[in-house]
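One line per chain: the protein sequences are A and B, in this order. Using the numbering used here, the letters of the first sequence map in sequence onto residues -13 to 191. Using the numbering used here, the letters of the second sequence map in sequence onto residues 23 to 156.
If you're looking for bench data, these hints aren't it; they were derived computationally from the structure. Bear in mind that the values here come from a model prediction, so they are computed numbers and not experimental data. Just so you know, even glycine gets a beta-carbon here, dropped at the ideal spot from N, CA and C. Careful, some of the hints might be misleading.
In silico lysine to aspartate or glutamate, EDC-like type, Cα no more than 16 angstroms apart, as pairs [said to hold, decoys possible]: (1) A:Lys120 - A:Asp83; (2) A:Lys116 - B:Asp45; (3) B:Lys134 - B:Glu76; (4) B:Lys103 - B:Asp47; (5) A:Lys120 - B:Asp45; (6) B:Lys101 - A:Glu129; (7) B:Lys101 - A:Asp123; (8) A:Lys170 - B:Asp47; (9) A:Lys120 - B:Glu67; (10) B:Lys131 - B:Asp47; (11) A:Lys159 - B:Asp47; (12) A:Lys74 - A:Glu39; (13) B:Lys93 - A:Asp123; (14) B:Lys93 - B:Glu118.
Have a look at the derived ranges for each label pair, beta carbon to beta carbon [said to hold, decoys possible]: (15) A:Tyr114 - B:Thr41: 23 to 31 angstroms; (16) B:Ser86 - A:Thr118: 34 to 42 angstroms; (17) B:Glu76 - A:Phe151: 54 to 62 angstroms; (18) A:Lys34 - B:Glu53: 16 to 24 angstroms.
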Amino acid sequence: MQKIIFFLFASITFASNAQTEHKESAHNISFVNTFQFTIGFSNLIPNKSMMGEAHSEAFPSITARLGVFTYNRFTIGLNAGFHNMGVKNMQYFGYFDNTSVITLGPYMSYYQPLTANSLFEPYISYDYAKYTSKYLDKELDFESDGLGLGIDYQHKIGNRAYVTFGLKYSFNKMRTETHPNWEKYMNNYNFMSVKIGFTFSKNRL
Amino acid sequence: MKKTLLLALTPLFFSSCHTDFYDGDTRTIIEGKVLYNNVPLREAEVNIYPVYNEPKSGVITELSPEQISTKQSAVSISKTKTNESGLVSVSIPRNERTSVFVIKIAHGKNSKFFGYISNYNTNNYYVNLGTINY
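Bound-form chain A, shown alone (with noise of 0.2 angstroms):
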């Protein structure tokens, strides 16, 4: 985990030291003029929990995010994002066959130009999820809060489309009350997930 922070914040310093500022960006402020679709992978490397070992590897994960509002470089609006995975430890979760997750929450990027056709774009994203389980005629219902660490890397190849790739480190708190000596194992989650798609943003390169 510390090495995930670390080499986000290596990669701001790095982002910055790299390129110069570019004057029509400066103090410049709009709405509603970024918009990322992607696809990719969820639910990798998880920490040893109930909810990690508890599940393989999601495919397709499908995020969405919508930038409401823009001043300089920073952003902030909007994610979304719907993955499923199947359950392939049954022993503490329980007798399902699947999980389907949607994520929702406000999150806050920073870009920095890194050469005239690209650009980095760390951001911070709280995650609310809700999962539902099912197997046979069952349903599981439950929560959990989330927070978000990531950065994309996003290539010009429009006018305003980007093509992106991104890395995000999720640090989950499930909204579950169990007995104290098994919290730490039921209701810390944390993932990595990776993912391709485009952006489409005004006034950035």
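For this one, chain A is given, so just place chain B on it according to the hints.
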């Protein structure tokens, strides 16, 4: 139009009646040891079923199938196996209709029910089954 809508929704109504709904807002840990002729019973299949009995105490005893009050298509909420030491360790989420469960232990072609897991023997989301003699 109303009749058509009613006819269309009727199967949905009945199918939802058969569904067991669980909520992950709580998880109860269940642990115990299974012995067979005083030897740990390995690799025995353990299933936990929600039931609608009203136990009077928290003592875990063997139950006959006739004693168990369950719905027609009971589906286990937890399925696992005992380990090399005969230990069983699982967690179950909260069932929205009942807080009473039974354990089914299958060894070879035979199986036995034990119960009841209920509020009587649940302490701070933990149930110690103790030693079950199969």
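Quiz item: Measuring from beta carbon to beta carbon, are Tyr114 (chain A) and Thr41 (chain B) in 23 to 31 angstroms?
Solution: 25 angstroms, holds
Exercise. Take the C-alpha atoms of Lys93 (chain B) and Glu118 (chain B), compute the straight-line distance between them, and say whether it is at most 16 angstroms.
Key: Judged against 16 angstroms, a Cα distance of about 14 angstroms means the pair holds.
Practice problem: For the pair we were handed, Lys170 (chain A) and Asp47 (chain B), check the Cα-Cα distance against 16 angstroms. | Solution: 15 angstroms, holds
Quiz item: Is the hinted pair Lys101 (chain B) and Asp123 (chain A) satisfied, with a Cα-Cα distance of at most 16 angstroms?
Solution: Answer holds: Lys101 (chain B) to Asp123 (chain A) is near 15 angstroms, not above 16 angstroms.
Quiz item: Is the straight-line distance between the alpha-carbon of Lys74 (chain A) and that of Glu39 (chain A) 16 angstroms or less?
Solution: 8 angstroms, holds
Quiz item: Between Lys120 (chain A) and Asp45 (chain B), is the straight-line Cα distance small enough, at 16 angstroms or below?
Solution: It holds: about 12 angstroms lies between the C-alpha atoms, which stays within 16 angstroms.
Exercise. Below or equal to 16 angstroms on CA atoms is what counts here, so check Lys103 (chain B) against Asp47 (chain B).
Key: Given pair Lys103 (chain B), Asp47 (chain B) is violated - Cα atoms ~25 angstroms apart, limit 16 angstroms.
Self-check item: 34 to 42 angstroms as the expected CB spacing between Thr118 (chain A) and Ser86 (chain B), which holds or is violated
Solution: With Cβ atoms ~36 angstroms apart, the hint holds.
Quiz item: Could one say that the CB atoms of Lys34 (chain A) and Glu53 (chain B) fall in the range 16 to 24 angstroms?
Solution: Taking Cβ atoms as reference, Lys34 (chain A) and Glu53 (chain B) lie about 19 angstroms apart, which means the hint holds.
Quiz prompt | Lys120 (chain A) paired with Asp83 (chain A) [C-alpha distance capped at 16 angstroms] | solution = 6 angstroms, holds
Self-check item: Distance restraint between Lys101 (chain B) and Glu129 (chain A), which requires alpha-carbon spacing of 16 angstroms or less
Solution: It is violated: about 23 angstroms lies between the C-alpha atoms, which goes past 16 angstroms.
Quiz item: Do the alpha carbons of Lys116 (chain A) and Asp45 (chain B) lie within 16 angstroms of each other, as the hint requires?
Solution: 12 angstroms, holds
The earlier numbered hints that this structure contradicts are 3, 4, 6, 9, 10.
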